[in-house]
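Colleague: Starting from the given sequences, assemble the full structure and let the hints guide the process.
Residue numbers (my numbering), protein chains in the order written: chain A, 1 to 141; chain B, 1 to 141.
Hint data in this document are derived by calculation from the structure and do not stem from the laboratory.
Remember, it's a predicted structure, so these values are computed and weren't measured experimentally.
Check the hints yourself; a few may be wrong.
Stated by the list, open to error - Computed cross-link-like contacts, BS3-like style, restricted to lysine-lysine with a CA-CA straight-line distance of at most 30 Å:
{"no.": "1", "chain 1": "A", "residue 1": "Lys2", "chain 2": "B", "residue 2": "Lys106"}
{"no.": "2", "chain 1": "A", "residue 1": "Lys106", "chain 2": "B", "residue 2": "Lys36"}
{"no.": "3", "chain 1": "A", "residue 1": "Lys106", "chain 2": "B", "residue 2": "Lys53"}
{"no.": "4", "chain 1": "B", "residue 1": "Lys95", "chain 2": "B", "residue 2": "Lys53"}
{"no.": "5", "chain 1": "B", "residue 1": "Lys2", "chain 2": "A", "residue 2": "Lys2"}
{"no.": "6", "chain 1": "B", "residue 1": "Lys53", "chain 2": "B", "residue 2": "Lys2"}
{"no.": "7", "chain 1": "A", "residue 1": "Lys2", "chain 2": "B", "residue 2": "Lys95"}
{"no.": "8", "chain 1": "B", "residue 1": "Lys29", "chain 2": "B", "residue 2": "Lys53"}
{"no.": "9", "chain 1": "A", "residue 1": "Lys36", "chain 2": "B", "residue 2": "Lys106"}
{"no.": "10", "chain 1": "B", "residue 1": "Lys2", "chain 2": "A", "residue 2": "Lys29"}
{"no.": "11", "chain 1": "A", "residue 1": "Lys106", "chain 2": "A", "residue 2": "Lys53"}
{"no.": "12", "chain 1": "B", "residue 1": "Lys36", "chain 2": "B", "residue 2": "Lys53"}
{"no.": "13", "chain 1": "A", "residue 1": "Lys53", "chain 2": "B", "residue 2": "Lys2"}
Claimed, not checked - So the derived label-pair ranges between C-beta atoms look like this:
{"no.": "14", "chain 1": "A", "residue 1": "Thr88", "chain 2": "B", "residue 2": "Gln109", "range": "47 to 53 Å"}
{"no.": "15", "chain 1": "B", "residue 1": "Phe38", "chain 2": "A", "residue 2": "Pro107", "range": "19 to 25 Å"}
{"no.": "16", "chain 1": "B", "residue 1": "Ala60", "chain 2": "A", "residue 2": "Pro69", "range": "23 to 29 Å"}
{"no.": "17", "chain 1": "B", "residue 1": "Pro69", "chain 2": "A", "residue 2": "Phe112", "range": "17 to 23 Å"}
{"no.": "18", "chain 1": "A", "residue 1": "Lys106", "chain 2": "B", "residue 2": "Ala92", "range": "38 to 44 Å"}
{"no.": "19", "chain 1": "A", "residue 1": "Asp13", "chain 2": "B", "residue 2": "Lys95", "range": "31 to 37 Å"}
{"no.": "20", "chain 1": "B", "residue 1": "Ala92", "chain 2": "A", "residue 2": "Gln96", "range": "40 to 46 Å"}
{"no.": "21", "chain 1": "A", "residue 1": "Pro107", "chain 2": "B", "residue 2": "Pro107", "range": "41 to 47 Å"}
{"no.": "22", "chain 1": "A", "residue 1": "Pro107", "chain 2": "B", "residue 2": "Lys95", "range": "41 to 47 Å"}
{"no.": "23", "chain 1": "B", "residue 1": "Thr111", "chain 2": "A", "residue 2": "Thr88", "range": "42 to 48 Å"}
{"no.": "24", "chain 1": "A", "residue 1": "Pro69", "chain 2": "B", "residue 2": "Thr111", "range": "19 to 25 Å"}
Beta carbons: idealized from backbone N, C-alpha and C, even for Gly.
There are 2 protein chains.
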Amino acid sequence: MKPRITLITLGVDDLEAAVRFYRDGLGLKTAGIVGKEFEYGAVAFFDLQAGLKLALWPRASLAHDSGLPLSRPGPSGFALAHNVASRTEVDAVMKQAQQAGATVVKPAQETFYGGYAGYFQDPDQHLWEVAWNPQMIPAEE
Amino acid sequence: MKPRITLITLGVDDLEAAVRFYRDGLGLKTAGIVGKEFEYGAVAFFDLQAGLKLALWPRASLAHDSGLPLSRPGPSGFALAHNVASRTEVDAVMKQAQQAGATVVKPAQETFYGGYAGYFQDPDQHLWEVAWNPQMIPAEE
Numbered sequence: 001m002k003p004r005i006t007l008i009t010l011g012v013d014d015l016e017a018a019v020r021f022y023r024d025g026l027g028l029k030t031a032g033i034v035g036k037e038f039e040y041g042a043v044a045f046f047d048l049q050a051g052l053k054l055a056l057w058p059r060a061s062l063a064h065d066s067g068l069p070l071s072r073p074g075p076s077g078f079a080l081a082h083n084v085a086s087r088t089e090v091d092a093v094m095k096q097a098q099q100a101g102a103t104v105v106k107p108a109q110e111t112f113y114g115g116y117a118g119y120f121q122d123p124d125q126h127l128w129e130v131a132w133n134p135q136m137i138p139a140e141e
Numbered sequence: 001m002k003p004r005i006t007l008i009t010l011g012v013d014d015l016e017a018a019v020r021f022y023r024d025g026l027g028l029k030t031a032g033i034v035g036k037e038f039e040y041g042a043v044a045f046f047d048l049q050a051g052l053k054l055a056l057w058p059r060a061s062l063a064h065d066s067g068l069p070l071s072r073p074g075p076s077g078f079a080l081a082h083n084v085a086s087r088t089e090v091d092a093v094m095k096q097a098q099q100a101g102a103t104v105v106k107p108a109q110e111t112f113y114g115g116y117a118g119y120f121q122d123p124d125q126h127l128w129e130v131a132w133n134p135q136m137i138p139a140e141e
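Modeller: Given below as structure tokens:
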């Protein structure tokens, strides 16, 4: 196996609402919902950094395709981190998420590793961390 | 918010077992468990493509840090996709995962979008898809 993740798929309850959150609320770019011509095919892709996309797909479709039972999210089962270049940017992204309808789980604050971070949940309870970590500053594109 | 995910954190029950699965079983590279000097700090990072890391962190630590209740995973709540360059490579990675102790959820087969893919769960029930998608062939490093 190569060290590569191509796609992160988040199961959602309401695809159109989830697209509005990520596209209109967080400002991520998408061509919108595609694949409607297939049963269980409707999905929205968002381009992230090169080689990585985020996909929103109804939970029912992911359950159908994988064969797993339909399940509610385990809110503390995983997290996606969005590292930024400054504390100020952490505050700005947390505010943007809140205004977009996210649930602020933990307001931005100092972290045990000497950084500054907060957590929010998207409308489907998927957990995001917004972090400034002096040891993990992202390269700006 | 910039279109960027820096870190994908998977909550695990047994950190050492999870490291063995990803490092020894799947062959991903890690410096091993670090951060043991902090309460709730023990974590293992795996480098993926540039700008992206996978982190294994005990569920209890993720729950503690985020303030969310400790929860079991929702098995069909999200998926990580590992896209590869050929059908043969799908078969090889699915076999590697199975030998590493993964649960094969759906053996590799033709997909509705004209690709070839299978699903497995890691020891903590996190869902992975191994896919050859003619419209999403990864650039080889």
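Colleague: Work down the list of hints and note, for each, if the structure agrees.
Modeller: Okay, the hints, checked on the actual structure:
1. Note on A:Lys2 and B:Lys106: the hinted pairing holds, with a Cα-Cα distance of about 20 Å set against a maximum of 30 Å.
2. A hinted pair counts as satisfied when its Cα atoms are at most 30 Å apart, and A:Lys106 with B:Lys36 qualifies at roughly 23 Å.
3. For the proposed pair A:Lys106 and B:Lys53, the alpha carbon gap of about 23 Å is at most 30 Å, so the pair holds.
4. This hinted pair checks out: B:Lys95 and B:Lys53 have alpha carbons roughly 24 Å apart, not beyond 30 Å.
5. About 26 Å separates the Cα atoms of B:Lys2 and A:Lys2, which keeps this hinted pair within 30 Å; it holds.
6. With a C-alpha separation of about 17 Å, the suggested pairing of B:Lys53 with B:Lys2 holds against the 30 Å cut-off.
7. Under the criterion of a C-alpha separation no larger than 30 Å, the hint pairing A:Lys2 with B:Lys95 is consistent with the structure, at around 14 Å.
8. Simply put, B:Lys29 and B:Lys53 have alpha-carbon atoms about 11 Å apart, close enough for the 30 Å limit, and the pair holds.
9. Taking the CA atoms of A:Lys36 and B:Lys106, the gap is about 23 Å. The hint holds against a cut of 30 Å.
10. At most 30 Å may separate the alpha-carbon atoms for a hinted pair to count; B:Lys2 and A:Lys29 meet this at roughly 10 Å.
11. Annotation: proposed proximity of A:Lys106 to A:Lys53 holds, straight-line Cα distance about 26 Å (limit 30 Å).
12. For the suggested pair B:Lys36 and B:Lys53, the alpha carbons sit about 19 Å apart, so the restraint of at most 30 Å is met.
13. For the given pair, A:Lys53 sits about 13 Å from B:Lys2 by alpha-carbon distance, which is consistent with the 30 Å threshold.
14. Distance hint check for A:Thr88 and B:Gln109: the Cβ-Cβ separation is about 49 Å, which falls inside the suggested range of 47 to 53 Å.
15. The hint said 19 to 25 Å for the Cβ distance between B:Phe38 and A:Pro107, and at roughly 21 Å that hint holds.
16. Against the hinted window of 23 to 29 Å, the Cβ-Cβ separation of B:Ala60 and A:Pro69 comes to about 25 Å, which satisfies the hint.
17. Roughly 20 Å separates the CB atoms of B:Pro69 and A:Phe112, a value that falls within the hinted 17 to 23 Å.
18. Separated by about 41 Å at the C-beta atoms, A:Lys106 and B:Ala92 satisfy the suggested range of 38 to 44 Å.
19. A:Asp13 and B:Lys95 have their C-beta atoms about 35 Å apart, which keeps the hinted 31 to 37 Å range intact.
20. Restraint check, B:Ala92 to A:Gln96: a C-beta distance of roughly 42 Å satisfies the suggested window 40 to 46 Å.
21. Our hint of 41 to 47 Å for A:Pro107 and B:Pro107 holds, since their Cβ atoms are close to 45 Å apart.
22. At about 46 Å, the beta-carbon gap between A:Pro107 and B:Lys95 stays in the expected band of 41 to 47 Å.
23. Separation of B:Thr111 from A:Thr88 is about 44 Å and conforms to the stated range, judged on CB atoms against 42 to 48 Å.
24. At roughly 20 Å, the beta carbons of A:Pro69 and B:Thr111 sit within the given window of 19 to 25 Å.
Checked against the numbered hints listed earlier, the structure breaks none of them; every hint is satisfied.
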